[in-house]
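Student: Make a model of the complete structure from these sequences and hints.
As a plain string of letters, each chain reads:
Protein chains: 2
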Amino acid sequence: MRTFKLILAYDGTDFAGWQRQPGPRTLQGVFEEVLGRVTGAPVTVEASGRTDAGVHALGQVVSFSSETRLEPAVLERALNAELPDEMLVRKLVEAPAGFHARFDAIGKRYRYALQDGPQRNPFGRRYAWHCRHRLDAAAMHEAAQLLLGKHDFRSFETQWPNRETSVRTITDILVARRAGQGGDPFGPFSAGLHVEVAADGFLYNMVRAIVGTLVEVGRGAREMAWVAEVLAAQDRKAAGQTAPPEGLFLLHVDYPPEQTAATRNSQA
Amino acid sequence: MRTFKLILAYDGTDFAGWQRQPGPRTLQGVFEEVLGRVTGAPVTVEASGRTDAGVHALGQVVSFSSETRLEPAVLERALNAELPDEMLVRKLVEAPAGFHARFDAIGKRYRYALQDGPQRNPFGRRYAWHCRHRLDAAAMHEAAQLLLGKHDFRSFETQWPNRETSVRTITDILVARRAGQGGDPFGPFSAGLHVEVAADGFLYNMVRAIVGTLVEVGRGAREMAWVAEVLAAQDRKAAGQTAPPEGLFLLHVDYPPEQTAATRNSQA
Numbered sequence: 001m002r003t004f005k006l007i008l009a010y011d012g013t014d015f016a017g018w019q020r021q022p023g024p025r026t027l028q029g030v031f032e033e034v035l036g037r038v039t040g041a042p043v044t045v046e047a048s049g050r051t052d053a054g055v056h057a058l059g060q061v062v063s064f065s066s067e068t069r070l071e072p073a074v075l076e077r078a079l080n081a082e083l084p085d086e087m088l089v090r091k092l093v094e095a096p097a098g099f100h101a102r103f104d105a106i107g108k109r110y111r112y113a114l115q116d117g118p119q120r121n122p123f124g125r126r127y128a129w130h131c132r133h134r135l136d137a138a139a140m141h142e143a144a145q146l147l148l149g150k151h152d153f154r155s156f157e158t159q160w161p162n163r164e165t166s167v168r169t170i171t172d173i174l175v176a177r178r179a180g181q182g183g184d185p186f187g188p189f190s191a192g193l194h195v196e197v198a199a200d201g202f203l204y205n206m207v208r209a210i211v212g213t214l215v216e217v218g219r220g221a222r223e224m225a226w227v228a229e230v231l232a233a234q235d236r237k238a239a240g241q242t243a244p245p246e247g248l249f250l251l252h253v254d255y256p257p258e259q260t261a262a263t264r265n266s267q268a
Numbered sequence: 001m002r003t004f005k006l007i008l009a010y011d012g013t014d015f016a017g018w019q020r021q022p023g024p025r026t027l028q029g030v031f032e033e034v035l036g037r038v039t040g041a042p043v044t045v046e047a048s049g050r051t052d053a054g055v056h057a058l059g060q061v062v063s064f065s066s067e068t069r070l071e072p073a074v075l076e077r078a079l080n081a082e083l084p085d086e087m088l089v090r091k092l093v094e095a096p097a098g099f100h101a102r103f104d105a106i107g108k109r110y111r112y113a114l115q116d117g118p119q120r121n122p123f124g125r126r127y128a129w130h131c132r133h134r135l136d137a138a139a140m141h142e143a144a145q146l147l148l149g150k151h152d153f154r155s156f157e158t159q160w161p162n163r164e165t166s167v168r169t170i171t172d173i174l175v176a177r178r179a180g181q182g183g184d185p186f187g188p189f190s191a192g193l194h195v196e197v198a199a200d201g202f203l204y205n206m207v208r209a210i211v212g213t214l215v216e217v218g219r220g221a222r223e224m225a226w227v228a229e230v231l232a233a234q235d236r237k238a239a240g241q242t243a244p245p246e247g248l249f250l251l252h253v254d255y256p257p258e259q260t261a262a263t264r265n266s267q268a
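Chains A and B, in that order, are what the protein sequence lines are.
Note that the first sequence covers residues 1 to 268 in the working numbering.
Note that the second sequence covers residues 1 to 268 in the working numbering.
Take the hints with a grain of salt, since some may be wrong.
[As the list claims (entries may be wrong)] Here's a subset of chain B near chain A, in silico, CB distances under 8 Å, partners left out: (1) Ala9; (2) Tyr10; (3) Asp85; (4) Glu86; (5) Met87; (6) Leu88; (7) Arg90; (8) Gln119; (9) Arg120; (10) Pro122; (11) Phe123; (12) Arg125; (13) Tyr127.
[What the hints assert, rightly or not] Derived Cβ-Cβ restraints for the label pairs, each shown as a range: (14) Ala221/B - Pro118/A: 42 to 50 Å; (15) Tyr204/A - Glu67/B: 49 to 57 Å; (16) Ala81/B - Pro24/A: 26 to 34 Å; (17) Pro257/B - Thr171/A: 56 to 64 Å; (18) Lys91/A - Ala138/B: 28 to 36 Å; (19) Ala81/B - Ala225/A: 31 to 39 Å; (20) Lys237/A - His133/B: 53 to 61 Å; (21) Asp200/A - Pro22/B: 53 to 61 Å; (22) Pro244/B - Glu67/A: 36 to 44 Å; (23) Pro24/A - Glu223/B: 45 to 53 Å; (24) Thr44/A - Ala81/B: 45 to 53 Å; (25) Gln21/B - Glu223/A: 48 to 56 Å.
Hint data in this document are derived by calculation from the structure and do not stem from the laboratory.
Backbone N, C-alpha and C fix where the C-beta goes; we use that ideal spot for every residue, glycine too.
Tutor: Following this line, the structure appears as structure tokens:
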């Protein structure tokens, strides 16, 4: 048995989320079907985490074991030739035996895309949340810093009580306005805001609840200090709404240095 | 009867083109249905030109006549409240009596979006043409300048002979590489090439045939001078393939200054 690790990008619009289900078209279901066809045997894969319906990824990490004798580069090309256009294997390498995309992950980074103003962007509806109010990105950024560090984030957790702790550590959080390109008022490349959050782990819907909360500050409905109150309340009802899935992108998953090094070596 | 002019943006992905047809979902069909509902009477609208299935617009221009007593700003808001998310009225104004979006147009500008390189972009597939070859944007730009000016463009016309002349004047043509944003290798905001063409009018599939021809130069299969040969041949078979529709955006339609001025006054 060999273990493989791969980085996957996908447009989640037309999938019922990552997790395989009987019936609906899911990312895991499609990926496993293609992988089974390419390797000639059924395979179960593990992702760093499940993404919900409509959520996208630029850097999802997936692991699996297989007896295939195909070289990683050959397997990568074969997968990309067979996968639907909405999915792309960006890199596939052989990983140390026992590598597990979910259990071994030590951190993740998400981006949430917002577009604001009275006119919706016909090209952004699959990839951003449209807020009719103009948002104050600087105020949102300052308020977001109140969430930095180790806290009990159950105010930003959709399914609480959960089986484990709601304590997580946010290592980086920022809100920035992104300039449009080429002077287009619209188009896939138009202006908006990005919220980026990196943490050692995320609770269910945590990024989307944080975004829904920061938007309250950005549109002027709440003061910045309110975000600290929400955090302290430890009550989901204290926070803002859960932002819709289409603005969310899983950017990156972190693993311990030794595994990253092992992965790098296996590429050489 | 009052005459109205409006600027329309749309994502053409899930429409069978502009022109109303019995059965398929078309942009004109959806727009007229909503406009009829908002004004309370059936309306036929005219666009500056028909766009094909999958083609997008940032600045399509549409005209129509109606007995509605609604103010333009009210009509604009009512339309945007009722139209699907894929369509947006960017501006609606009252126009001089007799204004006709197609007959009065004196020029148009299109953009064509390309993404190049071995890896496809899962987020670009609805809004760009993916070429597996790296493209030489500078060579494409230089070759494109051979098309500038007044020529018989029947080599770039899908349906020839047509009823009229194939002579058009290209007033501006450029090819430029667009930088990605935020270091994303993928994502809706990633890098690629733009081809922009402005002319006093366009033949059927003209931009897409020009792009298919310039790509032959960009990938090194043809010399720049070949583009002049294609133009001189006056034969569609001499040119490159017709680039697919999803990369094409109607950016802007020009009208004579007096009409533009009249339109501006009616906004005041």
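Student: Now look at each hint and say whether the structure bears it out.
Tutor: Here is what the structure says about each hint:
no.	hint	result
1	Ala9	holds (5 Å)
2	Tyr10	holds (6 Å)
3	Asp85	holds (5 Å)
4	Glu86	holds (5 Å)
5	Met87	holds (6 Å)
6	Leu88	holds (5 Å)
7	Arg90	holds (7 Å)
8	Gln119	holds (6 Å)
9	Arg120	holds (6 Å)
10	Pro122	holds (5 Å)
11	Phe123	holds (5 Å)
12	Arg125	holds (5 Å)
13	Tyr127	holds (5 Å)
14	Ala221/B - Pro118/A: 42 to 50 Å	holds (47 Å)
15	Tyr204/A - Glu67/B: 49 to 57 Å	holds (54 Å)
16	Ala81/B - Pro24/A: 26 to 34 Å	holds (31 Å)
17	Pro257/B - Thr171/A: 56 to 64 Å	holds (57 Å)
18	Lys91/A - Ala138/B: 28 to 36 Å	holds (30 Å)
19	Ala81/B - Ala225/A: 31 to 39 Å	holds (36 Å)
20	Lys237/A - His133/B: 53 to 61 Å	holds (55 Å)
21	Asp200/A - Pro22/B: 53 to 61 Å	holds (58 Å)
22	Pro244/B - Glu67/A: 36 to 44 Å	holds (39 Å)
23	Pro24/A - Glu223/B: 45 to 53 Å	holds (51 Å)
24	Thr44/A - Ala81/B: 45 to 53 Å	holds (47 Å)
25	Gln21/B - Glu223/A: 48 to 56 Å	holds (54 Å)
In terms of the numbered hints stated before, the structure departs from none.
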